[in-house]
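S.K.: Okay, here's what each chain looks like letter by letter:
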Amino acid sequence: MRVVVTVMPKPGVLDPQGRAVGHALSNLGFAGVGEVRIGKVVVLDLAETDADAARAIGEDMARRLLANTVIESYRVTVEA
Amino acid sequence: MPDEASPRPARVPDEALAREFGLSAEEWLRVLGIMGRTPTLTELGIFSVMWSEHCSYKSSRVWLKQLPTKAPWVIHGPGENAGVVDIGDGLAAVFKMESHNHPSFIEPYQGAATGVGGILRDVFTMGARPVANLNALRFGDPSDPVTRRVIDGVVRGIGGYGNCVGVPTVGGEVNFHRAYNRNPLVNAMTVGIAKRDRIFLSAAAGVGNPVVYVGSKTGIDGIHGATMASAEFSGDVEARRPTVQVGDPFTEKLLIEACLELMATDAIIAIQDMGAAGLTSSSVEMAGRGGVGIELDLDAVPQREAGMSAYEMMLSESQERMLMVLRPDRAELARQIFAKWELDFAVIGRLTNTGRIVVRHHGATEADIPLGPLADQAPLYERPTATTPKLPYIEPAKVEDRYGLAGGLLRLIGCPDLASRAWIYNQYDSTVGAQTIRRPGAADAAVVRIEGTTRALALTTDCTPRYCAADAEAGGAQAVAEAWRNLIATGARPLAITDNMNFGNPEKPEVMGQFAAAIRGMSAACRALDFPVVSGNVSLYNETDGRAILPTPAIGGLGVIDDAARSVGIALRPWLDLVLIGTTKGWLGQSLWLREIGGREDGAPPPVDLDAERKHGDFVRAQITAGVVRACHDLSDGGLLVAVAEMALAGGVGVRLNAGPREIPNHAFWFGEDQGRYLLAVGDGAEMVRLAEAAGVPAMRIGISGGRDLTLPDRGTISMNALRTAYESFFPDLMGRS
Amino acid sequence: MKAGIVLFPGINRERDMALALERAAGRAPRVIWHTETDLDGLDLIVLPGGFSYGDYLRCGAMAAQSPVMGAVRAHAQRGGHVLGVCNGFQVLTEAGLLPGALLRNATLRFIAADATIRVERNDTDYTHRYRAGQVLRVVMAHGDGNYYADAATLDRLEGDGLVAFRYCDAAGDVSEAANPNGSARAIAGILSRNRRVLGLMPHPENHIDPLTGGTDGLALFESLFAASYA
Numbered sequence: 001m002r003v004v005v006t007v008m009p010k011p012g013v014l015d016p017q018g019r020a021v022g023h024a025l026s027n028l029g030f031a032g033v034g035e036v037r038i039g040k041v042v043v044l045d046l047a048e049t050d051a052d053a054a055r056a057i058g059e060d061m062a063r064r065l066l067a068n069t070v071i072e073s074y075r076v077t078v079e080a
Numbered sequence: 001m002p003d004e005a006s007p008r009p010a011r012v013p014d015e016a017l018a019r020e021f022g023l024s025a026e027e028w029l030r031v032l033g034i035m036g037r038t039p040t041l042t043e044l045g046i047f048s049v050m051w052s053e054h055c056s057y058k059s060s061r062v063w064l065k066q067l068p069t070k071a072p073w074v075i076h077g078p079g080e081n082a083g084v085v086d087i088g089d090g091l092a093a094v095f096k097m098e099s100h101n102h103p104s105f106i107e108p109y110q111g112a113a114t115g116v117g118g119i120l121r122d123v124f125t126m127g128a129r130p131v132a133n134l135n136a137l138r139f140g141d142p143s144d145p146v147t148r149r150v151i152d153g154v155v156r157g158i159g160g161y162g163n164c165v166g167v168p169t170v171g172g173e174v175n176f177h178r179a180y181n182r183n184p185l186v187n188a189m190t191v192g193i194a195k196r197d198r199i200f201l202s203a204a205a206g207v208g209n210p211v212v213y214v215g216s217k218t219g220i221d222g223i224h225g226a227t228m229a230s231a232e233f234s235g236d237v238e239a240r241r242p243t244v245q246v247g248d249p250f251t252e253k254l255l256i257e258a259c260l261e262l263m264a265t266d267a268i269i270a271i272q273d274m275g276a277a278g279l280t281s282s283s284v285e286m287a288g289r290g291g292v293g294i295e296l297d298l299d300a301v302p303q304r305e306a307g308m309s310a311y312e313m314m315l316s317e318s319q320e321r322m323l324m325v326l327r328p329d330r331a332e333l334a335r336q337i338f339a340k341w342e343l344d345f346a347v348i349g350r351l352t353n354t355g356r357i358v359v360r361h362h363g364a365t366e367a368d369i370p371l372g373p374l375a376d377q378a379p380l381y382e383r384p385t386a387t388t389p390k391l392p393y394i395e396p397a398k399v400e401d402r403y404g405l406a407g408g409l410l411r412l413i414g415c416p417d418l419a420s421r422a423w424i425y426n427q428y429d430s431t432v433g434a435q436t437i438r439r440p441g442a443a444d445a446a447v448v449r450i451e452g453t454t455r456a457l458a459l460t461t462d463c464t465p466r467y468c469a470a471d472a473e474a475g476g477a478q479a480v481a482e483a484w485r486n487l488i489a490t491g492a493r494p495l496a497i498t499d500n501m502n503f504g505n506p507e508k509p510e511v512m513g514q515f516a517a518a519i520r521g522m523s524a525a526c527r528a529l530d531f532p533v534v535s536g537n538v539s540l541y542n543e544t545d546g547r548a549i550l551p552t553p554a555i556g557g558l559g560v561i562d563d564a565a566r567s568v569g570i571a572l573r574p575w576l577d578l579v580l581i582g583t584t585k586g587w588l589g590q591s592l593w594l595r596e597i598g599g600r601e602d603g604a605p606p607p608v609d610l611d612a613e614r615k616h617g618d619f620v621r622a623q624i625t626a627g628v629v630r631a632c633h634d635l636s637d638g639g640l641l642v643a644v645a646e647m648a649l650a651g652g653v654g655v656r657l658n659a660g661p662r663e664i665p666n667h668a669f670w671f672g673e674d675q676g677r678y679l680l681a682v683g684d685g686a687e688m689v690r691l692a693e694a695a696g697v698p699a700m701r702i703g704i705s706g707g708r709d710l711t712l713p714d715r716g717t718i719s720m721n722a723l724r725t726a727y728e729s730f731f732p733d734l735m736g737r738s
Numbered sequence: 001m002k003a004g005i006v007l008f009p010g011i012n013r014e015r016d017m018a019l020a021l022e023r024a025a026g027r028a029p030r031v032i033w034h035t036e037t038d039l040d041g042l043d044l045i046v047l048p049g050g051f052s053y054g055d056y057l058r059c060g061a062m063a064a065q066s067p068v069m070g071a072v073r074a075h076a077q078r079g080g081h082v083l084g085v086c087n088g089f090q091v092l093t094e095a096g097l098l099p100g101a102l103l104r105n106a107t108l109r110f111i112a113a114d115a116t117i118r119v120e121r122n123d124t125d126y127t128h129r130y131r132a133g134q135v136l137r138v139v140m141a142h143g144d145g146n147y148y149a150d151a152a153t154l155d156r157l158e159g160d161g162l163v164a165f166r167y168c169d170a171a172g173d174v175s176e177a178a179n180p181n182g183s184a185r186a187i188a189g190i191l192s193r194n195r196r197v198l199g200l201m202p203h204p205e206n207h208i209d210p211l212t213g214g215t216d217g218l219a220l221f222e223s224l225f226a227a228s229y230a
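Keeping their order, the protein sequence lines are chains D, L and G. Its first residue numbered 1, the first sequence is counted upward by one per residue in UniProt numbering. Its first residue numbered 1, the second sequence is counted upward by one per residue in UniProt numbering. Its first residue numbered 1, the third sequence is counted upward by one per residue in UniProt numbering.
There could be a bad hint or two in this list.
[Said to hold, decoys possible] Lysine to aspartate or glutamate pairs mimicking EDC-like chemistry, simulated, CA-CA at most 20 Å apart: (1) L:K340 to L:E451; (2) D:K10 to G:D150; (3) L:K195 to L:E451; (4) L:K58 to L:E26; (5) L:K585 to L:E507; (6) L:K398 to L:E596; (7) L:K340 to G:E36; (8) L:K340 to G:D38.
Source of the hints: derived by calculation from the structure; they are not laboratory data.
Please work from the sequences and hints to get the whole structure.
M.R.: This is the structure in structure tokens:
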């Protein structure tokens, strides 16, 4: 199963990288850009074949290593 | 995830393909002659990289042979992975500078990062722990947005790699010129320290001994990087991007520690890093230098993706890999050390007595080439040279000064070539290792203590390309002399240099003429200053759309300071006499003042009087060693007044200057770039002048430090705050303040 | 006090730290490989600076999961001393031994330059050889030193007196201009509740010798090894 873990800075945590990219985008002439947040996507190929079980593994991985819940939130999706 | 192997079309090698691979028609015929048959694709790949300019030095070798390479303290000169000199206490310094110019334009971050990684491997391959990195950088016109992108990526890349591997980046230099537009120069230098009787070399020995691969896995990155570095840019950057390698400094750090741990045993017979042309050049060179044959089984090579062909594996420039020949009874010990550091370790072949390189893959022989002819019949060209016409001497009195000293200084000190480099070096960890005595900006050369001793290494990189463009022979001599001078100015005894020859297309006679002339000038200076060349690198075809860079023979200098506590920097303290050492005639030709203030890149560059250089330098070093010099700065770009300003800025203290001699126009005296000069800060200026004159060295007092202003002899005054603002604005303004 | 230095793959200031510990203690620290789990006999565990596991994923994240960290956590729970500098501080926050997190510098660039920091209190095992309010010049070398914690945590740190060092100007005043990396409340270093665990971003271990950067860091190590302080 392919499990995709998306890790994002929590709302309220300053994201200087996102802010800099937002600034650069408006300099390039993209009007109306609101907040920009930059996170990361972790794509995992798991041997597990059950979607719910794969999701649970992904959640556990996210909690224990892939995200730092002091500053980051995460979302786990399973692709067939 | 890697897909199933996509079949890559195999072409039967012919002359057309050989030319695509960078070989000439004549070289193709030579390949056919050696092989006695049509070579396989893998064989053609091996020939093309081994005979590329980058690996074979086919255009430059005839000239490089002229450089002096010997001295009693030289342990290994050019020909090994890096140069080795004796630094006392049973220790040796291992050092080299190498270019990564083309990759740094195509992908500045990775290009610069892998440049640092590659030169580090050249040094620790020889058994030395790397203790310092330096970088000589040349960028294009700063007003070009492309230049900003390149600066940003190169600086991040050097920092990203060097900071992570934990080797302090302690020095270097930066120049700007439109001739480097779209062809920046990134010359990285690494210095390491080893026990002098524990130097590791690359010559393989012992038929039957295992050939071992360690480090990262092999992927398809960087294929044909070596031949790319040997061809002019067409400006078609997008199409070439896939050949750029990606650096992994974490793996490099593990590789350093694992190799040094293994080197403390007796397991290694020969070792070589896989740099340009990866597995091909490392295996061919190790076997070739040892006069043995080598057999490789590519099925055993650790691979990052499925379905790689023999050609791709032999040509891959994946980073952070090494090849070793081990004592068979120590292979297991070596395997355990690499397992501890979580690095790949694989026996991929063995040495033979056939004198051939044989490459097997999936049961088939993909290459079988005699090593002797591959090396001996490598092309060697004595390409035609043409002399660049000399430019006339510029009479100082005939150059108008519209700005005065204060206006001139404020413009010069803020110009791209002189402005503070703090924005750059404050992104480089210069203190890791706890031995850095003089950080960037603190002295003419970086000073790094030799751990566990009271001694230190002094390190610098130097070249003044605009001098070389005007007169490559004078410029070549000047580059060597300035490196020597910068070492002297810290109190060091200069020992040896590494050179990084960056030039244009050698097939153009004027470029080859520049190369030959630079070598002549360098050779003369090296001989006069007992300052031999122990390692180096040549980068040709530095041209974009037919325009060559300024000829840039970058020199990396190394010296030793016997009492590290006696080294001096450039920072002034209050109430010191400033004494100028050397002869000042007011040479304005090719000076920064003439370019920045006069708007002219013109005239003959300042000549270097090598006898005077030696005499003045020996005197200055003796005074520093005697402990009477509180600060010292060599005079170079921008001349005397810029040197005064830099010393004042470094110390945060003002200076009151005396009038110069009447017979020289003010701007020529204060901004001229006469060579062989130093500025000393001493407690007793009169005594220093007396000592100098007794030694036959010209000297004069030019001012005294103190206060918060720079008070000029033409009655102008600049506050230190104004001077600092002018000095520190350029990079933050260019690159953004946050 | 017997000290040990933990070696994670990718650490690079372990030699600097060993020199500082040896200078203050008079003997070399024990070197602890990241797979070891027996820390018996040690009083002080030091997590040095560098790029553990390349700082890939997040600084300190993977080191925080390594076998040795279970033993370090137990050591801290027993009231043992733990010092984390730079990457070591990041590991301590990732391991939950200190609160908060270290984000990318507000400048988005690696900063390798001297900072001035203020000693917030001198009644701890780490700082009693300093004066309270003393300003130290120490080098920073990090890309991710921007201390973050939520407001409640910051208030608790302040209220409990657990802020060990703050970025300041040469006169000791805290201001935005004197905060190089954007850290919340200019925090450069914090203590655990029992004040036995200290994490800080700048490198006191690089300031133990007048030739190589001055001696402003030496008193931190001397504080730890001084028998006189109870």
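S.K.: Confirm or reject each hint.
M.R.: Going through the hints against the structure:
| no. | hint | verdict |
| --- | --- | --- |
| 1 | L:K340 to L:E451 | 26 Å, violated |
| 2 | D:K10 to G:D150 | 11 Å, holds |
| 3 | L:K195 to L:E451 | 12 Å, holds |
| 4 | L:K58 to L:E26 | 14 Å, holds |
| 5 | L:K585 to L:E507 | 39 Å, violated |
| 6 | L:K398 to L:E596 | 17 Å, holds |
| 7 | L:K340 to G:E36 | 13 Å, holds |
| 8 | L:K340 to G:D38 | 18 Å, holds |
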